[in-house]
Every structure is written in structure tokens, then in C-alpha cells.
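Asker: Generate coordinates for the entire structure from the input sequences, incorporating the hints supplied.
In order, the protein sequences belong to chains A and B.
In terms of my numbering, the first sequence opens at residue 1 and continues consecutively.
In terms of my numbering, the second sequence opens at residue 239 and continues consecutively.
Please note that the accuracy of each hint is not assured.
Said to hold, decoys possible - Covered stretches of chain A (chain B as the covering partner; in silico rule of three or more C-beta atoms under 8 Å from a C-beta of chain B):
{"no.": "1", "segment": "40 to 53"}
{"no.": "2", "segment": "121 to 131"}
What the hints assert, rightly or not - What follows is a list of derived Cβ distance ranges for each label pair:
{"no.": "3", "chain 1": "B", "residue 1": "Arg-585", "chain 2": "A", "residue 2": "Thr-159", "range": "55 to 65 Å"}
{"no.": "4", "chain 1": "B", "residue 1": "Thr-312", "chain 2": "A", "residue 2": "Asp-43", "range": "18 to 28 Å"}
{"no.": "5", "chain 1": "A", "residue 1": "Arg-121", "chain 2": "B", "residue 2": "Asn-463", "range": "33 to 43 Å"}
{"no.": "6", "chain 1": "B", "residue 1": "Thr-578", "chain 2": "A", "residue 2": "Ala-54", "range": "38 to 48 Å"}
{"no.": "7", "chain 1": "A", "residue 1": "Gln-55", "chain 2": "B", "residue 2": "Thr-312", "range": "13 to 23 Å"}
{"no.": "8", "chain 1": "B", "residue 1": "Ile-462", "chain 2": "A", "residue 2": "Leu-187", "range": "57 to 67 Å"}
Rather than coming from a laboratory, the hints here were simulated on the basis of the structure.
Cβ coordinates follow ideal geometry from the N, Cα and C atoms, glycine included.
Read off the chains here:
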Amino acid sequence: MLILAIETTGKLASAALLKGSQVCEAVNHTDYSHLQEIVPMIDRLLKENSIVPAQLDAIAVSRGPGSFTGVRIGMATAKGLAQVWNKPVIEVPTLASFAFGVYDWLPQGERLLFCPLFDARRNQVYSGVYEPLNGSAVIEDRAVDADEQMADLKTFFTTCHYDRVVFFGDGIKPCLEKLEALGIPYLLALEEDRYQKASSAARLAARLYEAGDVKDCYTCAPEYLRQAEAERKLKEKC
Amino acid sequence: MKNGMHLTMGIESSCDETAIAVLADGRQLLSNVISSQIEIHTAYGGVVPEIASRHHLNNIPFVFQQALDEAGVTLEEIDEIGVTAGPGLAGALLMGTAFAKAVAMAAQKPLIGVHHIQGHIMANLLEHPDLKPPFLAFVLSGGHTHLVEVKGYNEFKILGCTRDDAIGEAYDKVARVIGLGYPGGPKVDRLAKEGDPHAIEFKRVYLEKDSLDFSFSGTKTGVINYIHNEEQKGHTVSRADVAASFQQAVVDVVVDKAMMALDRTGYGGLAIAGGVACNSSIRSRLQQACDRRGVTLWIPSPIFCTDNGAMIAMAAYHKAREGHFAGLDLDVYPGLNMETGLAGLDRAE
Ligand SMILES: [Zn+2]
Numbered sequence: 001m002l003i004l005a006i007e008t009t010g011k012l013a014s015a016a017l018l019k020g021s022q023v024c025e026a027v028n029h030t031d032y033s034h035l036q037e038i039v040p041m042i043d044r045l046l047k048e049n050s051i052v053p054a055q056l057d058a059i060a061v062s063r064g065p066g067s068f069t070g071v072r073i074g075m076a077t078a079k080g081l082a083q084v085w086n087k088p089v090i091e092v093p094t095l096a097s098f099a100f101g102v103y104d105w106l107p108q109g110e111r112l113l114f115c116p117l118f119d120a121r122r123n124q125v126y127s128g129v130y131e132p133l134n135g136s137a138v139i140e141d142r143a144v145d146a147d148e149q150m151a152d153l154k155t156f157f158t159t160c161h162y163d164r165v166v167f168f169g170d171g172i173k174p175c176l177e178k179l180e181a182l183g184i185p186y187l188l189a190l191e192e193d194r195y196q197k198a199s200s201a202a203r204l205a206a207r208l209y210e211a212g213d214v215k216d217c218y219t220c221a222p223e224y225l226r227q228a229e230a231e232r233k234l235k236e237k238c
Numbered sequence: 239m240k241n242g243m244h245l246t247m248g249i250e251s252s253c254d255e256t257a258i259a260v261l262a263d264g265r266q267l268l269s270n271v272i273s274s275q276i277e278i279h280t281a282y283g284g285v286v287p288e289i290a291s292r293h294h295l296n297n298i299p300f301v302f303q304q305a306l307d308e309a310g311v312t313l314e315e316i317d318e319i320g321v322t323a324g325p326g327l328a329g330a331l332l333m334g335t336a337f338a339k340a341v342a343m344a345a346q347k348p349l350i351g352v353h354h355i356q357g358h359i360m361a362n363l364l365e366h367p368d369l370k371p372p373f374l375a376f377v378l379s380g381g382h383t384h385l386v387e388v389k390g391y392n393e394f395k396i397l398g399c400t401r402d403d404a405i406g407e408a409y410d411k412v413a414r415v416i417g418l419g420y421p422g423g424p425k426v427d428r429l430a431k432e433g434d435p436h437a438i439e440f441k442r443v444y445l446e447k448d449s450l451d452f453s454f455s456g457t458k459t460g461v462i463n464y465i466h467n468e469e470q471k472g473h474t475v476s477r478a479d480v481a482a483s484f485q486q487a488v489v490d491v492v493v494d495k496a497m498m499a500l501d502r503t504g505y506g507g508l509a510i511a512g513g514v515a516c517n518s519s520i521r522s523r524l525q526q527a528c529d530r531r532g533v534t535l536w537i538p539s540p541i542f543c544t545d546n547g548a549m550i551a552m553a554a555y556h557k558a559r560e561g562h563f564a565g566l567d568l569d570v571y572p573g574l575n576m577e578t579g580l581a582g583l584d585r586a587e
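Answerer: So, in C-alpha cells, the structure goes:
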């Protein structure tokens with residue numbers, strides 16, 4: 001299996017190639033220059049690995065939530081590549097992809113929960129809660145008040161007897177006081193593993209691909225988890 | 239290449255139209271697909287950037303395939319891909335550009351970053367292959383009011399532009415105050431036909447003597463004040479008279495400044511462009527003024543005045559001929575300047 005994965009939903013863009021169980025990744029180190037960098041990065045990644053497009057099984061793209069603009073740059077890029085190369089598109093749920101990262105700092109032998117928190121402003125987060133071993137969601141992805149997410153996380157955590165929660169994402173910083181006030185043991189992901197990565201998206205994409213969960217360039221779509229502001233206001237008026 | 243024809247694709251997404259066209263040899267249009275979002279944005283009273291971006295993303299693969307199918311060509315046969323990189327709404331520009339870059343890389347085609355206004359001007363060449371620089375161009379749209387000296391296919395000098403509202407913006411605002419809604423330009427134009435253009439004397443703003451710049455906000459404010467005053471006096475306002483008189487005031491200035499620019503440059507013709515170039519009064523009055531002086535007026539068909547991919551393809555064709563290609567690191571420039579910004583679209587050597 002050979003999958004190209006694109007991740008542009010956070011502050012750093014990345015691209016990854018998954019070959020069987022191997023993943024190699026290219027990450028840009030300039031914040032928010034996704035448009036400029038993602039296509040050259042993919043081009044280099046393929047050439048450096050001597051991959052020709054015909055060998056690819058699918059294009060995977062982190063579908064959001066995240067920065068609206070970032071989500072769209074990745075999706076537009078994936079659509080273009082998939083259309084020209086005639087490949088299926090795998091929509092990777094961004095929050096779930098954290099459960100598929102490789103983290104050498106994780107404590108061993110503990111029952112962990114993963115909770116990615118993306119800053120959604122207006123005191124909200126985009127967040128889901130995941131079991132790291134199988135990647136299944138115990139609290140589904142949503143745009144939610146940070147306090148509400150914390151309360152629901154705590155309830156689940158205590159009733160189901162976990163040892164620790166691991167937090168990811170750019171929502172950690174604005175929520176830090178809330179995390180401290182939670183009263184449950186937690187760990188913050190190390191800075192280098194804290195944000196979205198194409199390598200994690202690629203690993204989840206491989207599972208989705210095997211499960212036949214694929215779209216094409218016409219049907220793949222972002223997951224914003226939130227309406228456009230103007231759309232919300234218009235509906236309120238009606 | 240197909241049958242010896244050089245094929246250029248043009249991609250446009252700077253506002254609320256997702257549009258892609260295929261042009262052969264810089265003269266024969268093979269397809270020109272336009273997916274308009276106008277109905278979607280009408281509910282909001284104007285273009286909402288976030289919503290426009292979302293729709294561009296959904297639309298673009300369909301528009302792309304349709305443009306190839308209608309042209310009867312394959313992507314392999316396309317020689318180069320041009321895309322609007324600015325000016326325009328950032329999020330909207332991003333969609334066309336991100337998609338174009340992916341396609342250019344995937345198909346290994348040269349990429350060209352196009353200035354949207356250069357595209358509007360080049361739209362004149364679609365139906366008038368005899369038109370060659372140098373000439374005078376007048377861009378009238380929702381975002382732009384520019385008198386431009388077209389010195390070469392890729393060399394422009396701005397002689398004058400608006401200092402406040404673009405002409406289309408002024409139309410939209412007046413349409414709103416007289417209750418016509420969005421899009422304002424065509425609605426004001428239609429209603430003006432039923433009114434008396436001399437009923438109300440609105441201010442004509444010429445700025446300094448000899449200036450080729452424009453200011454429409456004073457005229458627009460005049461309309462707003464007039465309506466308030468009349469309503470306060472308990473008078474009923476004739477919306478048709480307001481529309482006709484506003485249009486008369488604006489077009490007087492437009493025509494006078496265009497003639498001044500012709501005087502100054504000495505060119506034998508004027509090419510108009512942009513969505514507001516569809517306005518019937520602007521078309522007919524500029525035509526009369528040009529006829530009187532014995533100079534040619536070039537006006538694109540309405541379909542080439544509003545945003546479209548054909549104009550971007552035409553601009554890209556001429557950029558390619560003169561070696562102006564972009565790198566795969568092409569960015570978008572929402573406030574791109576036409577004189578100084580063009581070089582930034584080209585690949586650094
Ligand atoms: Zn335009």
C-alpha cells in the first residue's frame with residue numbers, strides 16, 4: 001500500500017508517504033505558509049523517494065477541523081492531485097489522527113485517553129476524546145465550550161477508570177488553567193508532537209483505505225465542525 | 239498542443255465565480271465554464287468571503303472537468319495553466335490557486351500567476367483579435383475603477399483610480415438604500431430606464447483639475463442624504479428618478495475622465511472592461527463620446543465583462559509568450575498592485 005497524506009489544518013503544513021508500515025514525512029517550518037509550501041513539498045517528497053504517481057494507491061487529506069483556510073488548502077490540493085492522477089481520496093478526521101501518531105514519550109502500562117484540543121475561539125474548542133490503542137472515539141468530535149468538554153471528559157475518565165489523559169493541540173495553551181483545575185492526572189504532548197502531522201494522518205488513512213472508506217475528487221469534503229459566521233447569523237434571523 | 243493549436247487554461251476564483259476556460263492559440267475560445275454563486279450570496283446582501291471559499295472548493299473539480307470536456311481536449315494537451323493570484327478575496331483566491339498548483343504539479347504543466355485586472359483588460363482581445371497594445375483601458379467593476387495605459391501585453395501604467403469606493407461598490411450601496419438589494423449594479427441600471435436622469439442634481443466629483451482619479455463616495459452620500467431629507471419632509475421618493483439621476487451623475491464623470499485620458503495619451507481607442515462595463519448607460523454614452531471623436535470603443539460581450547476564466551486564459555497566454563511563468567511556490571495577493579506587483583507573480587530566476 002502506498003499513500004500520500006496531506007496535513008494543512010494546523011500551523012505547520014506537512015506531507016507524508018506511507019509505504020506498507022513505513023512512513024516518511026516532510027514538515028515545513030514556517031507558520032501558515034501552507035499555500036506556498038505544500039505543493040513543492042509533495043513534489044520533493046515524491047522525487048526523493050523515487051515515487052511516480054502511478055504507484056500511489058490513494059491521496060489522503062486531513063479533513064478538519066482546524067483553521068478553515070488551512071483545511072481548504074489541503075482539500076483543494078488533494079482534489080487537484082486526485083483528479084489529475086485519477087486516485088481515490090481518503091478523508092482523514094483530523095482529531096482522530098492523533099491516536100495514530102508515534103510518541104516515544106508516552107508512559108507505558110497505563111490506561112490512557114487522548115484529548116486533542118484545537119482553539120476554536122469564542123471560548124470553544126474543536127475536540128474529541130480517543131482511546132489511543134484502537135483509535136475509537138469515546139467522545140465524538142465537536143465544536144464545544146471548553147468547560148463543557150472538560151466536564152464530560154472528567155466524567156468519562158472517572159467512571160471508566162483511566163490512569164491519565166494526554167492533551168494535544170493548540171487549544172492546550174488557552175485551556176491550561178482549566179486543565180490544572182480538572183483534578184485528574186494528565187500529560188501534555190511534547191511540543192514537537194503536539195500539533196497535526198501528516199504521518200499520523202497517513203497511518204489512520206491506511207486503516208480507512210483497508211476498510212474501503214474512500215471518496216473521490218468530487219465527493220471529498222472538509223469537516224469544519226462549524227457553520228460560517230454569516231450562515232449562523234442568517235439562520236438566527238429566520 | 240492539439241492539432242497544432244497551443245492550449246491555455248485559465249482559472250478564476252477571486253470573488254464569487256468559479257470559472258475555468260480553455261483558449262486555443264490566444265484567439266479561439268474552446269470552453270468557458272462559469273459557476274456563479276450569485277444566488278447564494280443574494281441572501282446575505284453581498285459576497286460573504288467564507289461562504290464563497292467553501293463553494294469554490296466544492297465546485298472547482300466539476301468546473302475543471304467540464305472545461306476540458308466542453309473544449310474536447312485532455313489535460314495532457316494543455317500547454318500552460320494560468321490562475322488569478324490577486325487581487326481579490328484572500329480565501330477565494332486561495333482555492334483557485336491551490337487547485338491550479340496541484341494540477342500544474344501533477345500534470346507537469348507550466349503555471350502562470352495572473353493579475354485579475356490584467357485579465358479583465360485582456361478580455362477585450364477575445365472578440366477583437368485586431369486589438370494590440372498600446373491602447374487605453376478603463377476597468378469598471380465592483381472592486382476597481384482604473385484608467386490604465388496598456389503599453390504592452392504585460393506592461394501597464396495606471397493613469398487614475400478611485401480614491402474611495404469602486405464604481406460597482408457605489409452602485410451596490412445606492413441599490414441598498416433604495417431597497418433594490420444585491421447585486422446592485424444591474425438593478426439600478428434597469429430601474430434607471432424608468433426614471434428621469436435630470437430629476438435630481440447629484441454631485442459630480444472631479445477632484446483636482448486634470449486629475450484622472452475618481453471619487454464616488456460623495457455622490458453616494460448625496461443619494462443617501464437626499465432620501466433621508468425627502469422622507470423627513472414626508473415626500474415619497476421616486477426610486478426610478480433617484481436611480482436615473484445617480485447613474486447620470488456617475489456616468490457624466492466616467493465619460494469625461496475617459497475622454498480626458500484619451501486626450502492625454504493620444505490613443506485612437508478605448509477598451510472597457512469589468513462587470514460594470516455591462517452597464518447600459520456607460521456603454522451607450524461612451525459609445526456616443528467615442529463616435530463623436532472618431533475613436534474606437536472596444537466593449538467585451540457581457541459574459542466576458544463579469545469574472546470568467548477566458549480572460550485569465552488570454553492574459554496567461556500573453557504572459558507565457560513573454561516568458562512570465564510562476565513557480566510552484568506561487569502565493570496569493572489580495573491587494574496586488576498592477577504596476578509594481580506583477581513581477582512578484584513570476585518565478586525568481
Ligand atoms: Zn473582476
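Asker: Does each hint hold? Answer for all of them.
Answerer: Verification of the supplied hints:
1. 40 to 53: holds (count 4)
2. 121 to 131: Violated: only 0 residues of the segment 121 to 131 of chain A have a Cβ under 8 Å from chain B.
3. Arg-585(B) / Thr-159(A): 55 to 65 Å: 59 Å, holds
4. Thr-312(B) / Asp-43(A): 18 to 28 Å: Holds, at about 22 Å.
5. Arg-121(A) / Asn-463(B): 33 to 43 Å: 39 Å, holds
6. Thr-578(B) / Ala-54(A): 38 to 48 Å: With Cβ atoms ~43 Å apart, the hint holds.
7. Gln-55(A) / Thr-312(B): 13 to 23 Å: 22 Å, holds
8. Ile-462(B) / Leu-187(A): 57 to 67 Å: About 60 Å separates the Cβ atoms of Ile-462(B) and Leu-187(A), which means 57 to 67 Å holds.
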